[in-house]
Structures are given as structure tokens and as C-alpha cells.
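Make the full structure from the sequences, and use the hints.
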Amino acid sequence: MTRKQKRNLIRIIVSSVFLIVLNIVPTTGLLRAGLFLTCYLVIGYDILRKAGRGIVNGRMFDENFLMAVATVGAIALAVYAKTGDYNEAVAVMLFYQIGEWFQSYAVGKSRKNINALMDIRPDYANVEQEGKLIQVSPDTVAVGSEIVVRPGEKIPLDGVVVKGASSLNTSALTGESLPREVTVGDAVISGCVNMRGVLTICTTKAFGESTVSRILELVENAGSRKSKSEKFISRFSRIYTPAVCISALALAILPPLVLTALGKSGMWGDWIYRALTFLVISCPCALVISVPLSFFAGIGGASREGILIKGSNYLEALAQTKYVVFDKTGTLTQGVFQVTGVHHNTVDEDTLLAYAALAESASSHPIAQSLQRAYGKEPELDRVGEIQEISGHGVLAVIDGKRIAVGNSKLMDSVGAAYQDCHQTGTIIHIAIDGAYAGHIVISDVVKQDAASGVAELKKAGVKQCIMLTGDREAVAKDVAAALGLDGYYSQLLPGDKVQRVEEILAGKSGRETLAFVGDGINDAPVLARADIGIAMGAMGSDAAVEAADVVLMDDNPLKIAKAVKISRKCLGIVKQNVYFAIGVKLVCLILGAAGFANMWLAIFADVGVMVIAVVNAIRALQVKNL
Amino acid sequence: MMKTYQIEVDCANCANLCEIEANKVEGIASATINFWAQKMTVEFAPGADEKKVMKAVMKVCRKVEPDFEIEL
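Residue numbers (my numbering), protein chains in the order written: chain C, 1 to 627; chain Z, 1 to 72.
It is possible that part of the hints are untrue.
Pairs of lysine-lysine, DSS-like flavour, derived with a Cα cap of 25 Å [unchecked claim]:
(1) C:231 to Z:52
(2) C:4 to Z:39
(3) C:625 to C:109
(4) C:205 to Z:3
(5) Z:63 to C:231
(6) C:509 to C:410
(7) C:228 to C:205
(8) C:109 to Z:24
(9) C:566 to C:509
(10) Z:63 to C:4
(11) C:4 to Z:24
(12) Z:55 to Z:39
(13) Z:63 to Z:39
(14) C:231 to C:566
(15) Z:39 to C:112
(16) Z:3 to C:112
(17) C:112 to C:6
(18) C:566 to C:464
(19) C:322 to C:576
(20) C:625 to C:322
(21) C:228 to C:570
(22) Z:55 to C:228
(23) C:459 to C:570
(24) Z:59 to C:4
(25) Z:3 to C:231
(26) Z:24 to C:231
(27) C:228 to Z:59
(28) C:509 to C:464
(29) C:464 to C:478
(30) C:570 to C:464
(31) C:6 to Z:55
By construction, these hints were calculated from the structure, which means they are not laboratory data.
Next up, the structure:
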């Protein structure tokens, strides 16, 4: 509770007790009026003051004004009618204050909750000085310093492990619950929690450029980009309040005038009371509060799952996603070439792999590297004799005294080996031993484990088309598209062609539908910018991705795309519920009030009750774990 | 020139109104209030005197909401 909240709570309690006592102890005449007025001033003085200032500053129609007019009006009625019933005016003010207090408390509480969720900011870094570890602010640590992270502590700055090994909990950043193993030489990012061993880290970035700072900045600035719904609400509330005030005035004056003209009793008191009820109902707070809160909570919940959304407007657009266009390499596939098969081998697989790896041991080509990874050992260079590289064909090498040829079909032709073609797509590496064909190795990019289920989830979430764009060959593209159940693919595209394809798809979609492009962000920047929503995969490390995209997935799991869409749908659903609920209840109460069926109590509910319900509903947007 | 200020404002509607008023202040290119983060992001017009401008912003915002506070 803030100081202001405490003060107001005391005022509420004091005046409640006061009001109850006044109703038990019988008083009459001026004394009664005086006591009630005192009670009224205790609970409502700040509202009256604010209303007065509002009038002076030419800002008539705010809620303070409404409450002041309504309660002063009720007191005037009581005096005029000589009923001595001041209860209503005081109670209306009291309940309004209770509502305000509860709202301020709920809002403060939910703000704290959301902020705590996003609190990945490290408080200190351990630096060794004169043999002792001291805690310093992460701001002050220079790039290239060594910091020590003990078990249970957050890594404060991005860096490289120079000593120790441990597992890291990355869930605060990625929503991924599996710990990540790190050891000497591995890059680590700030915000992860060290779980086991002591790590010494050489920092590679200053605090301001570290992952944690970048994420925090992104999430905090997200609220500055307002969605259409938010803009609608602030426009709406600007028209709504004056409109209600004018209607209330009309309600107070016109019917009695008409009735008097018709020669009946004007019932002025009755109509003024109705007009006052009208004013109490009219406050647009429920809408003004709950809509931005829903977005704020939605963005907070998403960031907890490792999905960073740069603004409410993107969250809104994401909910309308009907087309998802993927980049292939690095997005749907791992972008790493792996040995995926060994066929027609005359010697056993390991031997064949060993020959290929040893023959390519001098090369730094990606293919050579994947062969060596598959071999799994340091190549025993003493087994390798002379190596001869034939550009565009492959390698001839002498290994264990045998003449090994490793390369493409042209190389096989030149050494006179009868090679066999492969039915699999990918890069085929033929091997011949002493001029006789010994089999081939297939190397290809591997589809990510969750890519197929990611596409399926998107379909389930109502996405019409999933399309893949790739610079890769037709055969490869066709294979991947079929394996993942995509609706279409375009192959052999240059980066510029990708923009063109996306524009074609954009032209084909209808009005409210949106198109999301998912890429790894490094060479996809133009497409990310052109699409309605650019989603970058794997923000860890890639500045380009964070810059160009509207939504950033912290880890590169394709399942998260569907999750992001679902979170946005839930959030937008809540926004709609709140808007319809609040406007609906208010309209009904306004009609009831105009017809004379609603009293002040119902009016207070329509104002404060609706607002509290809307706020509680908005908080639901935070819960996205099980979507 | 962009700058973010910590603010204190305790009603969302007031925050909206303050934002509208702040945008009318001379020297402000654009001002946005993030009620939930209690932050005000200000883009100053070129050549504007930050301190003077923010004082003016504070003044117009206080007119709307007397409890408005900016940590300068």
C-alpha cells in the first residue's frame, strides 16, 4: 500500500463508522444536517476540490465533476424536499471512494505482479579484487572483465565461460524449462540463472547492451505502441463523458418541462434524481483501465514464455494472423548440415565415415565439417598420407595405404568407380576405395524437431495457409514442405524475390487478415519489415533480428509461433469481453436510470463494480502457460 | 532525443488526458505515457531545452491531475 492508499483507507473507515453512528443516534434539524455534512466532507473533500479545479481549468466533464454534481445534487434534493435523508449522498460518495480505493489497490497490485514476472534484471555482479569477491553494480563492469557467478545467482552480463561448468536455467528468458549445459568456451547470456557450479565469465558486452537490458527495454517500451482498441477507447471516452453529461442535463429538464406543458405535475425532484443516477453510471473508467491492462498483461505473459512482443498493436495484429510465411533455413530446419544417411556401403558405416572425414580433414568447407562432426573424433592425421584436392570434384587421399576418393559423381567417373545415385535429397558424397565404389554419404539440413507440430498447431489455431520461402533447390524445398504439411512453397528465391512473393500473398488476402513472416532475421530484414508482423527466431545474439522484427522468439522453437498467436487471441478475447461487458452493463443501467428503475446503488455498481470485474478479468491475460 | 521519465499517476483516464496535454507542450515532438509501467517516454523537438520543457509538461499535467508527479 502506498501512503496515499493508507490515508484514504483510514478516511473510508472513519467515515463509515461515522455514518453508521449517525443512523443509530437520532438527531434532527440543523444539527443532523451539520453532522451529515461533516461526514460528507471527510469522505469527499478531495473529490470536491478536484471538481472545483477542473471547472477552473476548463475541464468540466471528468469523473470528479460527475460525483460532485451527483452528491451535491442529492443533498440539495434532501434539503429541498425536507426529508432529512442525507444518507444517500454520503453513501454514494463513500462507495465511490471505496471503489476508487479498491481499484487503486488492485491496479497497483497487478502492476507489481506483472513487473515481478518480468524482473530479470540482475542486481549485482561479483568481481574479484585483491583475492576477494566483491559485489558491484553490473553497470560498472567493463567489457573484458572477469566476473564470478555462484550457484543460484543470475548471470549479470553477456560473456564467455572461462572457468567452470554448470547448467543454466534459461526459463526466465525463453520459457524453456530444460536447463542448458555450459562449459569453458561457451557463450552465456545475462538473465540465466546458474544452477550448479561456480562459473567464471569473461564479459563480452556492457550492461546496457546485454541481453537482459535489451529485453527489458523492449518490454517496457511495448506499452508506448498503442493498439487500435486502446486508441478507440481513449477516443471513445473523450466523446462519451460529455455526451452523458448533456443527456443527464436533458433528462433533468426536458421531461418535467414537457409534463408541465401537458398540465401534469412536473415531478422535478424525481427527474433530477434520475439525471444524477445517470451521471454516476457514466464514468468510463472500467474501459479506460481494463483495455490497456489486458494488453499489458498479455505482453507480460508472453515475455514470460520467451515471446517478446514489441507493442500492443502487434499483439492485436497477431490475433488476426491467417497467413504465416516461413523462411526455411534456420527457421523450420536447423540450418546445420548433418550426415543423414550412408548407403550402398561395401565396408561398414563407421569405416566409410572415417575415410571421408580423414580425407576431408584438411578442408574447412561446411560439408567437411559435418563429416568430421559425424565421425565424432579428432581425425588421426598420422593415418593420412598425401591429400590432393580437385576443385569442383572432391578429394583424393591416401589413408592407411589405400587410395581413397571422396567427392561427387564426376570424381567417381574420373577414378572409374561405378557409382549409384541416391533417392534422398541432399548433398551426396561418393567414396571409392582403390578405384572400387564403396558407397555414398548423404548430408542434408535437418528439419527441426518441433517444426511439423508447430505448423499443425498453427493450423489448429485457425491459420489458413502456411507457406515456405527458400533459396534452396526445388527438390529440397519439396521434401521439407511435404514433411511438414505446408500449404505451399517457393524455392530458388533470391532475397529480393522473397519480398516479391510476400507482396503477392499480401495482395491476395482480404482486409482484416494479417500475414506473419517468420525468419531468422539476419538476411530477412526487408521481408520482416514488409510483412504485417515480422517474427524473428532466436534472438539470442542476433541484434539484426531484434531490430527488424515486431515479435521476437527468444528460443528458435517453431511451436512458439502458434503459442504467440494463441496468447494474442486470448488477450484480444479478454479485451472484447471487457469492452462489451462494460459498455453493455452501463447502457442497461443508463436505460434503467432514465426510466426511473435504477437508484444510486445500482449506479455505483455500474461504475465501480464493473470496473473491478473488468480489471480482474484483464489480469487473466497474464496466464498463458497452458495455451 | 528520446528520454524516459518515471512518473506517478494513479488513474488511467487521467494518464490519457495528461498524455494529450503533454503533446501540446512546445518543445515536445511526441510524448507517450505507459500507465502500467508508470513511465513517460518523451521525444523532444530539436533544440528544445529539456528541463524547461519538462517543467511545462509537469504544469499542464498537474492541471489535469493534481497528484501527477514526474521524477526529473
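Verification of the supplied hints:
Only pairs whose Cα atoms come within 25 Å are accepted, and residue 231 of chain C paired with residue 52 of chain Z is rejected, the gap being roughly 29 Å. Taking the CA atoms of residue 4 of chain C and residue 39 of chain Z, the gap is about 19 Å. The hint holds against a cut of 25 Å. Between residue 625 of chain C and residue 109 of chain C, the direct Cα distance comes to roughly 21 Å. Compliance with the 25 Å bound is thereby established for this hinted pair. A C-alpha spacing of about 23 Å is found between residue 205 of chain C and residue 3 of chain Z, which places the hinted pair at or below 25 Å, so the restraint holds.
The hinted pair formed by residue 63 of chain Z and residue 231 of chain C meets the criterion: a straight-line CA distance of about 23 Å does not exceed 25 Å. For the suggested pair residue 509 of chain C and residue 410 of chain C, the alpha carbons sit about 47 Å apart, so the restraint of at most 25 Å is broken. Proposed proximity of residue 228 of chain C and residue 205 of chain C is contradicted: the alpha carbons are some 37 Å apart, above 25 Å. A C-alpha spacing of about 32 Å is found between residue 109 of chain C and residue 24 of chain Z, which places the hinted pair above 25 Å, so the restraint is violated.
Distance restraint check for residue 566 of chain C and residue 509 of chain C: the Cα-Cα separation of roughly 21 Å lies within the 25 Å cut-off, and the hinted pair is therefore satisfied. Our distance criterion of 25 Å between C-alpha atoms is met by residue 63 of chain Z and residue 4 of chain C, whose separation comes to about 19 Å. Distance restraint check for residue 4 of chain C and residue 24 of chain Z: the Cα-Cα separation of roughly 29 Å exceeds the 25 Å cut-off, and the hinted pair is therefore not satisfied. The hinted pair formed by residue 55 of chain Z and residue 39 of chain Z meets the criterion: a straight-line CA distance of about 16 Å does not exceed 25 Å.
Distance restraint check for residue 63 of chain Z and residue 39 of chain Z: the Cα-Cα separation of roughly 19 Å lies within the 25 Å cut-off, and the hinted pair is therefore satisfied. Between the alpha carbons of residue 231 of chain C and residue 566 of chain C the distance comes to roughly 23 Å, so the proposed pair stays at or under 25 Å and holds. A threshold of 25 Å between alpha carbons decides the hint, and for residue 39 of chain Z with residue 112 of chain C the separation of about 14 Å falls inside it, so the pair holds. Distance restraint check for residue 3 of chain Z and residue 112 of chain C: the Cα-Cα separation of roughly 23 Å lies within the 25 Å cut-off, and the hinted pair is therefore satisfied.
Restraint check for residue 112 of chain C and residue 6 of chain C: satisfied, since their Cα atoms lie roughly 17 Å apart, inside the 25 Å limit. Under the criterion of a C-alpha separation no larger than 25 Å, the hint pairing residue 566 of chain C with residue 464 of chain C is consistent with the structure, at around 15 Å. Distance restraint check for residue 322 of chain C and residue 576 of chain C: the Cα-Cα separation of roughly 20 Å lies within the 25 Å cut-off, and the hinted pair is therefore satisfied. For a cut-off of 25 Å, the pair hint linking residue 625 of chain C to residue 322 of chain C stands: about 23 Å separates their Cα positions.
Of the supplied pair hints, the one linking residue 228 of chain C and residue 570 of chain C holds, its CA atoms being roughly 16 Å apart against a limit of 25 Å. For the hint pairing residue 55 of chain Z with residue 228 of chain C, the CA-to-CA distance comes to about 31 Å; that exceeds 25 Å, so the pair is violated. Between residue 459 of chain C and residue 570 of chain C the alpha-carbon distance is near 17 Å, which keeps this suggested pair within the 25 Å criterion. For a cut-off of 25 Å, the pair hint linking residue 59 of chain Z to residue 4 of chain C stands: about 21 Å separates their Cα positions.
In summary, the hint linking residue 3 of chain Z to residue 231 of chain C is supported, as the alpha carbons are separated by about 23 Å, within the 25 Å threshold. With a C-alpha separation of about 18 Å, the suggested pairing of residue 24 of chain Z with residue 231 of chain C holds against the 25 Å cut-off. Using a Cα cut-off of 25 Å, the hinted pair residue 228 of chain C and residue 59 of chain Z is violated, with the two alpha carbons roughly 29 Å apart. Restraint check for residue 509 of chain C and residue 464 of chain C: satisfied, since their Cα atoms lie roughly 10 Å apart, inside the 25 Å limit.
Distance check on the hinted pair: residue 464 of chain C and residue 478 of chain C sit about 20 Å apart at the alpha-carbon level, within 25 Å; holds. This hinted pair checks out: residue 570 of chain C and residue 464 of chain C have alpha carbons roughly 19 Å apart, not beyond 25 Å. This hinted pair does not check out: residue 6 of chain C and residue 55 of chain Z have alpha carbons roughly 29 Å apart, beyond 25 Å.
Of the numbered hints stated above, those contradicted by the structure are hints 1, 6, 7, 8, 11, 22, 27 and 31, listed in ascending order.
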